[in-house]
Each structure stands twice: as C-alpha cells, then as structure tokens.
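S.K.: In case you want the letters, here they are:
There are 4 protein chains.
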Amino acid sequence: MNSIGELIRLTTFGESHGPAMGGVLDGMPPLVLIDLDAVRRDVARRRPGHAPGVSQRKESDEVEILSGIAPDGRTLGTPIGFIVRNRDARSEDYAAIEGRFRPNHADYTYWKKYGIHDFRGGGRSSARETVSRVVAGAICRQWLDTLGVSVRAELLPGPDVDTVAACGDSVGGAVRCVVTGLPVGVGEPVYDKLNARLAAAMMSINAVKAFETGDGVAASSALGSESVDRFVKTGDGLNLTCESNHSGGVQGGISNGMPVTMTVHFKPAPTLMRPVETFDTEGNEVVIPPKGRHDPCVAVRAVPVVEAMAVLTVADMMKSRGCLTR
Amino acid sequence: MNSIGELIRLTTFGESHGPAMGGVLDGMPPLVLIDLDAVRRDVARRRPGHAPGVSQRKESDEVEILSGIAPDGRTLGTPIGFIVRNRDARSEDYAAIEGRFRPNHADYTYWKKYGIHDFRGGGRSSARETVSRVVAGAICRQWLDTLGVSVRAELLPGPDVDTVAACGDSVGGAVRCVVTGLPVGVGEPVYDKLNARLAAAMMSINAVKAFETGDGVAASSALGSESVDRFVKTGDGLNLTCESNHSGGVQGGISNGMPVTMTVHFKPAPTLMRPVETFDTEGNEVVIPPKGRHDPCVAVRAVPVVEAMAVLTVADMMKSRGCLTR
Amino acid sequence: MNSIGELIRLTTFGESHGPAMGGVLDGMPPLVLIDLDAVRRDVARRRPGHAPGVSQRKESDEVEILSGIAPDGRTLGTPIGFIVRNRDARSEDYAAIEGRFRPNHADYTYWKKYGIHDFRGGGRSSARETVSRVVAGAICRQWLDTLGVSVRAELLPGPDVDTVAACGDSVGGAVRCVVTGLPVGVGEPVYDKLNARLAAAMMSINAVKAFETGDGVAASSALGSESVDRFVKTGDGLNLTCESNHSGGVQGGISNGMPVTMTVHFKPAPTLMRPVETFDTEGNEVVIPPKGRHDPCVAVRAVPVVEAMAVLTVADMMKSRGCLTR
Amino acid sequence: MNSIGELIRLTTFGESHGPAMGGVLDGMPPLVLIDLDAVRRDVARRRPGHAPGVSQRKESDEVEILSGIAPDGRTLGTPIGFIVRNRDARSEDYAAIEGRFRPNHADYTYWKKYGIHDFRGGGRSSARETVSRVVAGAICRQWLDTLGVSVRAELLPGPDVDTVAACGDSVGGAVRCVVTGLPVGVGEPVYDKLNARLAAAMMSINAVKAFETGDGVAASSALGSESVDRFVKTGDGLNLTCESNHSGGVQGGISNGMPVTMTVHFKPAPTLMRPVETFDTEGNEVVIPPKGRHDPCVAVRAVPVVEAMAVLTVADMMKSRGCLTR
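Chains as they are written, first to last, in my numbering: chain A, 224 to 549; chain B, 224 to 549; chain C, 224 to 549; chain D, 224 to 549.
Derived from the structure by calculation, the hints contain no laboratory data.
Take the hints with a grain of salt, since some may be wrong.
Treat identical chains as interchangeable: a pair holds within one or across any two.
With a Cα cut of at most 16 Å, we get these calculated EDC-like pairs of lysine to aspartate or glutamate [unchecked claim]:
1) Lys-456 to Glu-466
2) Lys-456 to Glu-377
3) Lys-456 to Glu-508
4) Lys-456 to Asp-392
5) Lys-281 to Glu-321
6) Lys-281 to Asp-311
7) Lys-456 to Asp-260
8) Lys-456 to Glu-321
9) Lys-281 to Glu-229
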C-alpha cells in the first residue's frame, strides 16, 4: 500500500505525468507552528533542473496545503492534505518508450503485476513520487525541531558526476544520514526496532540497494573486543552515554541517546543516454532511444529524500514512545 | 509491537528465562500438509549447544503445536499457536549480572524505556526469541514448497570462529540468502517494496547492522553502463528474464522472476569471556564477570533465522499478490 | 487515524471551511473502467441544498481526480487521489460560534483533545467530511458492479421532516442497507467478522447511535426455535442457501450468500434553529444564535454515505477473501 | 485476522477441541501489578457448568501465564502470552455432527471459505474462543483500575431462562455495559471513533446482532429538541459536563467525560435440544440429533466477555490518547 508509519502516517498518490502528486500526513501533533517557506526550501533541494548534473525537467513544485493547518500556521491535529501539480509533464517525450520495458526500471514488473502501466515517466514508479515524501518530511521536521531532534544527510564523495554525465553514463552514490538529539527509548523491541523501521523507510526509496547502521557492513568482519561501546556517566541520575558508537545509536532496537547513524547506497540511474535494446508489451524486440530527462547520479537529489524518510520514521516512533514510557 | 507481517503475520512472546517462548502464526492458507519433523529439523539448526563454537546452553527445544493444524496434519486456516518451553534456564548463572548494564546489549535501553527489565539472559531482548521465528518459518516454508518457492541461506566465509573463541573473543559474520522460484509480481510499489520489507525483517534480527540486496553496497560506486540487466525472452508469451541480476530479483519493489538475493551482516556478539566494566541500575561502577553461555559468532546460528524471516516476508507478500493480480 | 480498510483503504482529509476536502483510495484493483458521471451522480445525492429539508449550503461538489485512473478511464492499480473544493465556505456565518461549544457537537471534545479547533462549520468533525466517502464509494462500487455485488440503502419512514423543520426542530432517522450478490466466504473469523467491520464503518458516520444486522435488536428477545435459518440446496454441487435470513447474510462473521442486511440509526442533528445556552473556550456563559445552515434530518443525506461505507467495507473484505480461498 | 487493537493488541488462537486456547496481549504498559486471582475470578464468571442454565461442559479453565509478567507480579512491558488447556474436550459427543452443517452456525461458511473445518464444537468458531478475551481483559482491566476507569456490564431482564431451557429451547438476551471514569479526549476522529471501535469489538463476539450507544435505536425517532445534552461547569478551569447523556459519553467519536453507555444484543443460541434437519459436506440430507452441551441463553455467560471487549478497546484508545494530547 502507499502508506508508511503507524502514529504519524504518510499516504501518497500521483503518477509522474498525471495531474498532480500529493499526500496526506496524518497524526501530526496539534499546535506545531509550520513555516511553509521552510517546506518550500526543502522541496527546492530535490527539484529537478536546479543544479548541474540533474534532470532537466522544469518543475516549479509549488506546494498547496489543503487541510490540517489553521490560517495562523498552527497544526490542527487533523490530517494535512497537500498537492504538487505536475506542470512540465511533456508526455510527447515519452511516446518513444510507450509500451517498451526499460531495463532495471519498474516497467516490466508493474505491467506483469497490474496488466496496465503508465509508461510516461514511469508513472507511479517514478522518482517524482519522492516530492511528496519531502513535503511531508519538511512539515514533520518542524515538530522534531521543537523537541531538539535534528536530521541531516549528505552525499558521500564519489566519482565526478559531471564527467560521468559527459560520457552519457550514470553513477551510483552513497548518502550518510545522522539523527541527533534523540532521547533514550525511541523504538520498539523485536520487530519494530528503530533500525528496522529506518531500513525499510530507506529501502523504499527508488534505487536504494543497501542500508548500513553503526559499523554497518564492517561489523561482520570485526572482533567483539574491538566493538565495545563502553558506558560513561553523564550528568546526575542514571544517565549513561557511550565512549564510542559502534552501535549507531540503537541497542536492542531502541535509541540509546547517541547519534543514530546510517548510510544509504543508491545504484546508478538505469536510464542511459545511449540506445538500449529491449522488448515491448507485444514481445517485439525494440530499441529505446536515448531520450527523456534523467539524473546522472540519483543520489544527488536523494539527500533531502533520505532526510525526509528519517524524519518521518523517527517522528512516528517518538510519538509511539510517548505511550510506552511512563 | 511484537508482530510482523500483514496477511501472514507472526506474533511472538517469551523472555529468555521465563516459562516459555512462543508465537501465533496467523493467516496461513488452509489445507497445507505440515510435516512436524521438518519443523523440528529447522529448529535444531539454531539450537544452542549442538555445534562447536556456539552457546553451551542445553535446550531440547521441543515444539508444542496448540492450534491451527488438524490431527491429520493439514492447516485449518486458523491461527497456529505454538510454544517452546525454556528448560535449561539456569537463572543462578545470571545473578552476577542482575541490574548491571552489559555494553552493546539492550539492558540499558529497555531499563530506560520500561523502568523494569528481566536481566536474566536479556529477557525479551535475548536471541532466544528467534526460536519462535524459526518455528513459524519452518511451518510457513512448507506452503512455499507447494508453490515451488525455495529459500536458502549460508554463512559466508570469515575468520576462523574456533580461534576467535579460544581467545575469549567474538566475531561478526555475514549470511547470504537467496529466494528462488518466486513468480513475477510479488511486492508492492512505493512503501511496501519487497526489498524494503526484507530489509526490515532482517534488521529486526538481533545483532544485524547492514542489509544488501542485488549489487548492494557496491552499487553506490558502480556505473550505470556496467549495471544493466538486459532482458531476454523465455518461453512463449510475454515472459522475460534477465541476463544478469544486478537488481537482485526486484525492480520497482516488485519481483521480476529472477532469484532474490540479499546479504545480512551481523556484528560480533557483545558478550565477551573477559571482565567488563560498566554501571548498574543504581549508577554504581560494577564489573560483569565473564560468565554466562554465549556464542563467539552469532551469525552461525542465525542462518536458519535469516531463512525464517525471508520465508515469512515472501509468504506474506505472495498472499497479498494473490489479491492484486487478476 | 483518518483511514479505513486494509486492502482497499480510504484515507481522507479536509476541514469544512478549509480549501478542500479530499481523499486517497488505495488498493483498487487495476483495469476497472470508471464512469466519472456515475461518481458525480452519487455525490449529487448527498449534496446540500438540492432537496427540501436539507442544509442550504450551496456546493457544486466538483470532483477532481488527481491520480490512479488512466486517460482512458481504467484504474491503474495505483492510489486514486481526489479533491472536492470548498467553495461556499461563508465563514462569516460562523463568527457567532467561534470558540463556543455547541451541545452534542464535537467542539468541546476536539478542543480538549487537541487544544485547538476549527470552529467554522465544525472543522474536521463536520459531516462535510462524508463527501470524500461518497466519492470513494462511488468509484469502488464500480468494481463491485463487475462482480455482481450490489449495495442499496433507503431511508425508513419516520416523522414528516418538513413539519419538523417548520418547527425549527430536527429529527432522527433510520437507514436500511442491503448488500446482494455477495458470494459465500467474505469476512474473517473472530475479530474481523464482516458484520463487525460493517458496524465500525457505519458507527464512524457522524450522528449514528445504533447498528443492527439480521434480526438486530429483536434477536435479544427471540426464541431459538423461531430463529432457525433452515438450509436448502441450490443448484448442483454443495451450494446451500437459507429459507429465511435471521442471520442477515453472515454466519460466524462470514457471508453465507444471502443478502447482507443492516439498519443504521441516526440521532437528530444537534443544531437547532433556536438559541442555545452553552460555554465558550474562556468558560463564559454564552448563547449560540440560531444561525448556520443545517439539516433538519441528517439521515436524508446520509443514505449515499451508508451505501459508500458498505461498498468500501465489502470491497475491502472481498479483496482479502481472494487471498484466503483456494 | 485474529488480532484486535492497535497499541494494546490481543491476538488469540485455539480450537474448541484442540489442545489449548490462548492469546498474546501486547502493548500492556510496564510496572502494572497483576493480581492473578482477579484474573481467575473473571474467567470463572464465564466458565461453563458453574451456573443453572448454561452449558454442562466442565472446564477448570486454569490460566497459565507464559511471559510478560515478572515473578513479582509486575508487567514487563513485553507481550503477555497465556494459555488455557482444553481438558473436557469429549470429541466423541461430536461424532454425530462431523461434516454436518448446523443451521445458524459457522460450519457452512468456514467449510466454504477454507475447504476444511474442525466440526468438533465448532472449532475456531466456538464461543470457547472468548475465554482468551476474558483472560486478556482481566489483565488489562488492572491497568484501567490504576487510572480510575471502571467497566461494568449486566444482563438486562428478559424471559426466564430456566423455563426456556426446560422447553428445550434457547433465548436471546441483552447486555448493558457502562464505562465510568474515562477522561475527556479518548477516541479518534472520523474512522476510529471510540463508539465505532466499541461497536466492532462487541459485534466480534459470537451471536451479537445489534449495538447501541447513548440513545441507541430510540435516537432515530427522537426530536433534536428532546436530545440536547446541555453543558454545565464542573470544578475550576474549563471542565464541562452534561446534564443528560443522550450522547452516551462520546461526542464526535471522542469521550466527553460522561459515562460511556452501550447495549449489546445477543441472538438465541442456534443449537436446540431438538433434532434439526440439514445437509452434510457430501450434500446429503441429514439430521443432527439433540446432543452436545450448549447454553440456553448465551448472553448469561457473555457478560464478562462484553466487559473484556470494552476494557481492551478503551485501554487501546487511552494509550493512543497519551500520544495525541500534549
């Protein structure tokens, strides 16, 4: 289904070349003052056409809030509905790919699952869907701000994207994300571990192939004696912190007060600026010409998307925590 | 909460040193003939004390089925309740750790979240909880068998565990898991992608720090031109397969008919056979003596747990798929 | 939360006097041809101002579909987003009630729960929310049509509404709803019984105070010997039907192939055309003047809402049934 | 599925004549002291064979707690697993009904849905399942006690059950339930209204045909002017109560601090002490002899079940409320 979260839940809709993308952010606490300019700034960070090396699609990405926020800017505690119109949906560009299965895209699997697929820009499977995530994350982040919780992501250094783009190729990328200010006790034991929910949230972003937290992949070749996060006392009362953070801020699925660290790995965009041989829905051999507007490195624009997913996941589990702690 | 899955859902309960571990497997299709000996064999694969280099705890791990299976062995379509008694729960061994926060364990986070914690063997946070997963997975796997879907995991080569154990140390490990025979169309778009659900299921296992699918971490430094999974026709009609499997069997969150591949990375067990300095619930500095029965490499016994989580996840989404496909 | 349903799920948003009402209908099967004129007709049936004895608010209630339906009218299997703009939101009419708790309305409970409330028309608690239900129900009904399942409701005879309205009073009403064409096997045992889900769906409609199915309230004073639904054979094979329908089409929570019958009881609209003494958010005694535009009998316009909730519930459980039946 | 509740969730399992009934109560807050004798007393209230006019099945109904409660009686915050063995499961009594569809029972619908059915005592569809509800309710009630919330039900006067039983007949009955001490603000707007959740919980009990809250069925013929719950101030600050309780303690789906009132209507038990003509799974005409042990008025033993469902529903929504209110 097209929803994520339990107590703070985002439901999204929209095809890349349909009338609009949009979503419903349900469960936001009441009385949070929302700065819509801050929402627009986050949305601008993922907008196509605004930076070298990203898709040339021109979208103003104007966010229209339809409910849930009072005229004075405060949340009502009711669901926040919003839409972003698709304005530069030049479907004619996509005539050449109608009915043709692009390799490593979702065209074939959607077609087989549903028996119908909006081939224009990938329809529902397009990364354009992530604009709704960023809108919701940018609203929800303002609640976390009031709690002193901060979420920041950055692209890790990799191959030079401009060079790759100049060759008509694409390249993968890794995004590092850190959540700071999280109190102890966020996350549920066993199946709804904080790190399990974060993994699912990140793996739900298009093109993600791996998720690491704490020591990540390196942990599987580490010795226990090298991996101890020794406790130290902090302040009065029973408040402990750790000298190191091999655990990545989560122990037993529950936050321990240290920064929650994770790295998200994106594959290269599967659309190349070269002709690609494939099949169409009739089973004919066809060639997809090097058209369309795509990103040589999808990880560049994914940075605010990773932040949004971390914000939504942490906020959802913080609200749940309110229930479980006396 | 202590449940996982939507249409096939496992709910588990049990503390390491309480009367019993157990679970409820809900949503199993009716009329599946269950071989309980096969269940026992899977359970035996994760049993402590049965192999070199694993915990010496002696548990017979007898599975008692309480409902959901008719006397003739066929599932009724009703929830399958089961328990595994904790027989070798020598709590006296744990007197030395009562109220003491073991580093990198869940003791501190549980204590802070709930204000109470069963320190004996880690209580609910113990890896002993995974016996319930293996029971459920072993039952559910028999439904997948009838559909031609197979799930197999293996420990990837790493440091010699016996040497590590002899040094009183522990080491991490990586488990590779492959699902074969899956038809096209399993998995939901956007938030409930098959790979997102698999990631959450694996990250919910104790000690897991990273999840990879397809090209995994390597994808983030790969070029698009190197990562194309070219389509080829297979058989009659519109059935395609791929020449390579960079995607790991999932495109757009939906299975494409290729093997679904993943690697799960486990950190080293945090309990060492050396004294460890820490704090207790009173805030006193204390030392935890090198007692208890623990695994030098938790990944060894985790192999059937990884299989169980893959089985449960795939089965859940296959049942859902039944609905979405005409 | 603002969602209902599991496999076919409606999420709605919108305050009575905000920019728009709207919703997301997720899980609709693909390839269902949607007649938008039929949607408009169902929406028109609940529109205010179109019949004697209902609210004079003038709303054109134009439905804008934003996603999930291809240009040729067929569903894509993706979420169907839609909005209905609030055009005749004459907030000035409501200045007199700002901050004043109308008796038997949700003003006081919302205010206490959230610390903020949109008093204009009741905000989120307004019956205007039901326009989203009717849109979704009208879309979903077209899938049921293809399956031969029909949902029809009607207002049961009661006091003359015009007379009541002329007295400045309001009156309750009862709506009878019948689902025909449902196959055997729809509904889940125990907690998700078809009748339990229908009850929840109906009780979620504003102003509903009672739900009956089959013999309803009368069953509690009936004798068993009078209440037997004797089986009779129908056609070939093992297909039975019943000579009577005391059960209301559901046995053990699962449809038995007979019509599913229910009656939904609505209280009188709590807003009267007379001054009402109450308190405001400052605790002052205040009087609410007899303003605003309201229905003397809310049950009149609730008929299509009852149908919509029955459609959504039955469709959700039919999709689930697809999974459970071999 | 066999679960109910979101933040406090009960999952049950067990067939009437299988090894055991049982359940998992997940989400109970930690540190609640549980009196197991009180649990046993509630269970005894619904036990068969203990009162005139109820089934003669003899079950000691011993409750075994398997997890979630520390040796000192305090909840751990982890899931509470429990079982009740089926001891007096005299299956031979049921040989005469094997494969025979009892009218107004779930035999036919289960058979058609699953293709298999445990005919012994109705299997999963037996009212014996409610023992698990009562165990869970009796545990959960002790948390509500600490919050000053009380749930009490009673059988409303009806026909003399002994007379009905002496005639070999059965009769329906109505149970009135009242929740007192509930603070303002429990329940969610729109689809998860407190009264909607209560309706679903009650309709999930075997044999329930109608649910009323507040004025109930009578509301549909009442005038608005007769139905006003006028506000009055109580104590200091902005705390209001009502002079009357037509609303039944819920306005806009949210508790208003008044007692929450409801009436649950049970049909007569469909099993009579007379021969019944029906069909078997082969389609043959057969007669079910007047055997088995059944209740002439199921509503008698249902009183603690109604209480349990009210307790579980209110507790679930109170925990949720903790999140939504600042």
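S.K.: Indicate, hint by hint, whether the structure satisfies it.
M.R.: A quick look at each hint next to the structure:
no.: 1; hint: Lys-456 to Glu-466; verdict: within (10 Å within a copy, 56 Å between copies)
no.: 2; hint: Lys-456 to Glu-377; verdict: neither (31 Å within a copy, 41 Å between copies)
no.: 3; hint: Lys-456 to Glu-508; verdict: between (67 Å within a copy, 9 Å between copies)
no.: 4; hint: Lys-456 to Asp-392; verdict: neither (51 Å within a copy, 26 Å between copies)
no.: 5; hint: Lys-281 to Glu-321; verdict: neither (21 Å within a copy, 43 Å between copies)
no.: 6; hint: Lys-281 to Asp-311; verdict: within (6 Å within a copy, 35 Å between copies)
no.: 7; hint: Lys-456 to Asp-260; verdict: neither (41 Å within a copy, 42 Å between copies)
no.: 8; hint: Lys-456 to Glu-321; verdict: neither (62 Å within a copy, 19 Å between copies)
no.: 9; hint: Lys-281 to Glu-229; verdict: neither (34 Å within a copy, 37 Å between copies)
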